[in-house]
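36 is the number that the numbering used here gives to position 36 of the sequence shown; each next residue is one higher, with no gaps.
Please keep in mind that the hints were generated in silico from the structure rather than gathered at the bench. Some clues are possibly wrong.
Result set (SDA-like, lysine to any residue): computed pairs, CA atoms no more than 25 angstroms apart in a straight line [claimed, not checked]: (1) Lys38 <-> Glu16; (2) Lys223 <-> Ala210; (3) Lys38 <-> His219; (4) Lys223 <-> Arg93; (5) Lys223 <-> Ala243; (6) Lys38 <-> Asp64; (7) Lys223 <-> Leu101; (8) Lys223 <-> Arg81; (9) Lys223 <-> Asp246.
These figures come from a predicted structure and were not determined experimentally.
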Amino acid sequence: MVLGTGLGGVTGRFAEAADVPFAELPGFPAGAVTGHAKRVSAGRFAGRRVVALEGRGHYYETGDAGVMRVPMETLAALGVRIVVLTNAAGSLRADMPPGSLMLIADHINLTAANPLIGEGGDERFVGMVDAYDPALRRLALRVAAARGIALAEGVYMWFPGPSFETPAEIRAARVLGADAVGMSTVPETIIARRLGLRVVAISVLTNFAAGVAAEAPTHAEAKAVAGAASEALGGLLEGVVEALDDA
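All chains, please: the whole structure from these sequences, using the hints.
Structure (structure tokens):
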């Protein structure tokens, strides 16, 4: 799993945990975005062996959409076949206030950036229909309902950052069908699909996007709300991992 801004607390649920900083792993992103511990944690979670990336590299840190290629390839080499991606995102919907969880059903990428640009061979032409595995999404919704966790489904739109979106951009995103916006996740999804991995992704909605509410979004708010929501996210992820045999 990949844990986004302020969501590293989920690894507190791991048993027999061991950590390795990204800085000690060749090819892993070395940036320093607050809210990202930048380490790999491995342990037992819901009765299974899991590997979590606490933090990620972002396109806005390097200008490279493939900044997460090596970490994703490493997960695949370790035998991972299902990837759970999480992020902090801005909500475009009044019925999904800060602190809500959104299951990503699809995404919009109009950035002109793609981690597969420059790659050779026909394998780069990756189909993105059902990029977010339908069976895993159904499982997440069942688990959320059983545990009393509110979980909406929606479309995530990737913006490159690091500046937040303008109100005009958010109005355009809404017209295009977006329910949430953020600065990550889409590159990892594309890489994961290129590697043949199944993907399920969950956004913690940490703020209303620009123009949706009177207050402008801030990174400090995103970190604070994400930290508060990590308990619900952890419970949802625990249930999903525990029930993976049903997906």
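Violated constraints from the hint list, given by number and in increasing order: Violated hints: 5, 8, 9; rest satisfied.
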